[in-house]
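Asker: Sequence:
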Amino acid sequence: MFKPIGSLIREIPTRSKTPKAILALQVRQAVMDCIKKEYSDLPEEIIKSIKPSTFKNNILTLITPTLVSSELHARSEGLIKEINKALGRKIVSRLRFRVL
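Following this note's numbering, the numbering of the sequence shown begins with 30 at its first residue and continues without gaps.
Source of the hints: derived by calculation from the structure; they are not laboratory data. Be aware that one or more of the hints could be misleading.
Said to hold, decoys possible - Capping the alpha-carbon separation at 27 Å, the derived lysine-lysine pairs in DSSO-like fashion look like this: (1) Lys80 x Lys114; (2) Lys66 x Lys80; (3) Lys49 x Lys66; (4) Lys85 x Lys114; (5) Lys66 x Lys77.
All chains should be built: construct the whole structure from the sequences, respecting the hints.
Answerer: Okay, structure coming up:
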């Protein structure tokens with residue numbers, strides 16, 4: 030009868046007036062899942078240090094360690110595809126990396 034709130038956040042409503050905050054939460058959840066899957070070859074402590082910061086105008090900003098940001102930038106197209114695939118439509122168009 031009732032759904033847990035966490036499961037509702039994962040679903041993207043079909044309405045076009047989705048509140049930006051809910052969409053940003055959905056993107057953050059998808060990013061963390063996709064980072065673990067896409068960058069499984071990196072050490073666990075590096076994966077834990079990658080954090081989504083902001084999502085605005087279809088641009089997602091990730092906070093990363095200095096040495097890792099260039100590696101992530103080189104592999105960013107695959108991550109964007111995985112995020113959009115997890116969300117079910119093209120929402121993230123570009124990634125930005127901000128160094129810790």
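Asker: For the pair we were handed, Lys85 and Lys114, check the Cα-Cα distance against 27 Å.
Answerer: OK: Lys85 and Lys114 at ~19 Å, within 27 Å.
Asker: Given the hint that Lys80 pairs with Lys114, does the C-alpha gap stay at or below 27 Å?
Answerer: holds (20 Å)
Asker: Is Lys66 within 27 Å of Lys77, Cα to Cα?
Answerer: With Cα atoms ~13 Å apart, Lys66 and Lys77 stay inside 27 Å; holds.
Asker: Keeping to a limit of 27 Å between CA atoms, is the pair of Lys66 and Lys80 held or broken?
Answerer: holds (15 Å)
Asker: Do the alpha carbons of Lys49 and Lys66 lie within 27 Å of each other, as the hint requires?
Answerer: Roughly 26 Å between the alpha carbons, so the hint for Lys49 and Lys66 holds.
Comparing the model with each earlier hint shows no violations; every hint is respected.
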